[in-house]
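Please work from the sequences and hints to get the whole structure.
One letter stands for each residue in the lines below.
4 protein chains.
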Amino acid sequence: MQQSIASKNYDVIAIGRACIDLNAVEYNRPMEETLTFSKYVGGSPANIAIGSAKLGLKAGFIGKIPDDQHGRFIRKFMGDAGVDTSRMVVDQEGHKAGLAFTEIKSPEECSILMYREGAADLYLRPEEVDEDYIRQAKALLVSGTALAQSPSREAVFQAIAYAKRHEVEIIFELDYRGYTWKSLQETSIYYSLVAEQAQVIIGTRDEFDMMDSCKGDNEHTVRHLFNHQARLIVIKHGVDGSYAYTKTGEIYRGKAYRSKVLKTFGAGDSYASAFLYALMTGKDIQTALQYGSASAAIVVSKHSSSEAMPTVSEIEALIAAQAGLSG
Amino acid sequence: MQQSIASKNYDVIAIGRACIDLNAVEYNRPMEETLTFSKYVGGSPANIAIGSAKLGLKAGFIGKIPDDQHGRFIRKFMGDAGVDTSRMVVDQEGHKAGLAFTEIKSPEECSILMYREGAADLYLRPEEVDEDYIRQAKALLVSGTALAQSPSREAVFQAIAYAKRHEVEIIFELDYRGYTWKSLQETSIYYSLVAEQAQVIIGTRDEFDMMDSCKGDNEHTVRHLFNHQARLIVIKHGVDGSYAYTKTGEIYRGKAYRSKVLKTFGAGDSYASAFLYALMTGKDIQTALQYGSASAAIVVSKHSSSEAMPTVSEIEALIAAQAGLSG
Amino acid sequence: MQQSIASKNYDVIAIGRACIDLNAVEYNRPMEETLTFSKYVGGSPANIAIGSAKLGLKAGFIGKIPDDQHGRFIRKFMGDAGVDTSRMVVDQEGHKAGLAFTEIKSPEECSILMYREGAADLYLRPEEVDEDYIRQAKALLVSGTALAQSPSREAVFQAIAYAKRHEVEIIFELDYRGYTWKSLQETSIYYSLVAEQAQVIIGTRDEFDMMDSCKGDNEHTVRHLFNHQARLIVIKHGVDGSYAYTKTGEIYRGKAYRSKVLKTFGAGDSYASAFLYALMTGKDIQTALQYGSASAAIVVSKHSSSEAMPTVSEIEALIAAQAGLSG
Amino acid sequence: MQQSIASKNYDVIAIGRACIDLNAVEYNRPMEETLTFSKYVGGSPANIAIGSAKLGLKAGFIGKIPDDQHGRFIRKFMGDAGVDTSRMVVDQEGHKAGLAFTEIKSPEECSILMYREGAADLYLRPEEVDEDYIRQAKALLVSGTALAQSPSREAVFQAIAYAKRHEVEIIFELDYRGYTWKSLQETSIYYSLVAEQAQVIIGTRDEFDMMDSCKGDNEHTVRHLFNHQARLIVIKHGVDGSYAYTKTGEIYRGKAYRSKVLKTFGAGDSYASAFLYALMTGKDIQTALQYGSASAAIVVSKHSSSEAMPTVSEIEALIAAQAGLSG
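Residue numbers (UniProt numbering), protein chains in the order written: chain H, 1 to 327; chain Y, 1 to 327; chain R, 1 to 327; chain V, 1 to 327.
By construction, these hints were calculated from the structure, which means they are not laboratory data.
These numbers were taken from a predicted model, which means no experiment stands behind them.
Repeated chains share a single entry, so a pair holds when one copy, or any two copies, can fit it.
In silico DSS-like pairs for lysine-lysine, Cα to Cα no more than 27 Å straight-line:
#, residue 1, residue 2
1, Lys302, Lys58
2, Lys283, Lys164
3, Lys105, Lys76
4, Lys283, Lys8
5, Lys164, Lys8
Take a look at the structure:
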């Protein structure tokens, strides 16, 4: 993907939040009646890094974790999953890990009670981003949520500046979380500033609609972004599957796989990690879309997001099992 | 205790925080290795209100809870325990319940990972305190932690002004939690302003030492406070027992009861609720000290603070069982 | 006034704000049409300290000034006026001097455009208040505005605690400035906490009404405060003159003197400084009221507040000149 | 400059701050000894709009002013100078006008005491920027200081997005004011994001060095920016004159004119307005540089920045007068 691949130690380095998920142990009920919670690592870019590493990519992570038991748990779990955590910065100002208490009333009715006020990940500062580390990556994966507040926002712009300087491809996972943002207009402004600098952009149709310049149908969206730096755009339409557009004009459609859904959390992160794995290992775009969908189908049937990230053989087994079925 | 006791609908109304405790299910290990947590209601004044109600007192609560699943759980649990929750205010600004993840490495090594940033209880405003409600109480129990930040601090001063206007006795439970305060000097200032207006003051020796004017030995402390409004002062010395001083010059000593300690959390709250119960039901001060100590001994042997609050018969059974033993 | 007057180096030490007034040079017009402003020292407690020193009292000042040209101007002007400025603290965090642009449309229509956001005086911290300095004063003059925000609020409570410890009389000048406060309820709470600890309380009828516990007529106000620490209360009724009440039951009335009014600013500060001067030099209360009124009448006829503070002979000349006239 | 010039009602619309300058009336001394100040409109983009309008351009202004006497003065002064003020937004949250007290110790020693905390201009919100207004302009002039804080920062990005959508040329005046920014790295990040979208960029050598990507010599700076959207770059070197670089490869040098310097304030703003005037009226770049330098030479000899903005004939007279002299 880059000129000097030989010198690249990482397939992908993700930047953004690594948090704690507290998933209801007793589910199919309102959270008020849940009395026990299981602890997992969470946060979209952390999940993607974990999922990518589990599939075999060399993954690194840039983010800020608290100086407490939750922070140490996050670092250990990610390291054990194969992610390089050497550039995770330990907060020194008393910030805490973001928390997500998940409520699973039914497969269709899931909600999250978020603790994001003063979350350590949003306090990553631009001077804590290591230029030399980014230089060693084939791709930098930016999570949209990291743009929601300063100084994390500036840390991301700094990482992007380094990526451009060293010709590291920029992958933008829109990952919109409304509760973290001050206003829709602010989201539109910063999403556009990043999307117009990225080579690969992945999101749901709703997420692309957050950007004033991309609002509308897929054709309008990709026309705008291909006028900037994009070379590959993936737009997900939920159960209707996903579409990939290339700057050279191809369009691919990936179908959604059937699954026994337990909860909907983690679908996007598992999709992204498997899609990136396929791309990075030289598979064609059509196959990459199938990998993404299959990975998502596996994770939504399980209790966690990070721990449930599938292996390559699990993904390929699902694809094979549903190969004869109509999409 | 008051002139017009006939018109009093509540023995005690507590003001301050009601939060969520997340207690390690797998304990005797560092929290990094704990993967499951049990949810309980927590927070010193909430625990005291629950404990008092369980013992048979008519208890009410003034505080602010979030408009989410945790807030609704808190209100329901406290209501089910017999506490009047009609004056608990639902936050409308997105604040969350305070959280306490407890780590139980051993009975001697317990620590708490607190989430107090933007906690809803600290956003109770003075105009949300109901004068007529306080008028109906025999006593107002003030938790020191509620003084740590504005506007909760002003809400407490407002409640105290109402209590004085209607001759409601003020009980000050020092309940010092360092992480909530900006500086030791601020703690000293606000603790003194409340302690000098209270009739009953309860705390550990360390907590009394937070106040510049009370620092030193018990004799100095009580001399200062009896020059103001105090009539009864309880100073706790941990395993060495506790002392009660009256304005009329009596001194009582309460011994600590033996217990199979699981964790130390909740000892102070269970002490306060049983001590108040005994006082309010006309028992003598010596007996009240024993009730407090016995209640604390029971709670430290159990997994939660709020759920474990003992009944009168449990307390009396423990007192009887250890009656023949030296203190 | 105190036991050990011999050891007292200061008649009065004021605590609170010292700011910059920018008074319209071209007046009798809206400020939009004023193109030139004259710079003076301003701020109620600074003016009172300056006025007292000019009359011959030994005055000191506790406050925080910016580390800039305005801060150095304030310190030099006050020092030149005879005020001890050795305990004025220089801000190290970039806060600026409060500013008051005065608009003089007519003697009846004066308004002020305030710059109080981030004003240095409100950042005085409790640990910056020197116990030994307060110990050397006969009286501590507290300005109500200093209670409006933290940490200045806590610095005042700290100063009061020191004053009580060393039997220094507390004089509370209510000095209410609405723009500095968050809410009326907060004002009521903190004003009451200080008023109930002060020996001398001075304010307008409207200012006493800021306190829920003092709202109403003068009789109700003084009854409440004499139940606490007050010994002397002065309530000003504008052109209808002022009243002084003593704990021992005397009531005095001071008439307002006639004046060629240029603007109304500074009347209260000049009143307070002359009243205190008279009290401190052993004049009777009736005379002190006259001194206050005469001093106010002189200042409202001049362009500034601080520079215009009168001398004893100017005050006595005005009293003599209007002696034969009806009040 | 644009396709549909016929429909353009404004030559230039500036976005950013309009403030109050308070210039020392008694100068050649430290400000501590200055007792009188003259009031003027100030702020770089306001000065440029005023200067442009005075020279004959159709100029508009987007900014936020306080709802007070200073705000009304600013709007009236700018309107009287010929600037369209219909899109200046009146703040409704109590923010004040930024203030700049100027100290003129000598022509070489000028400093400014700034009041920028809570300045109204920094509270312009993106939804207060009118797309249709920007559509009517030939050029949008962005002042770098407006990027220093949210939400003004987002308002500028919104204005830039509108300008790009309607093919309005973006002129970026770097206008760096250190006291407004949190860190050098933040400045570098946001300056680069705007500079890479602008067609015309004007600043001092020091200001270009604020951007990591532009740091170094002029050749490096212009090479980087011409790889993005720039077509014309002006780099000022103080008394050594200024350089203009075009994307097509031309380099022009403008000499500095001699002047009897009273103070250095306002030089950059008067330079920019005259340079833009010359460009907009079809003069060649060499002439535009001379206009800028001559305008700057005039303003530094006068007491104010905004009021002193010269007319075309004053500029041309100075150029003619010094035509025969060596640069």
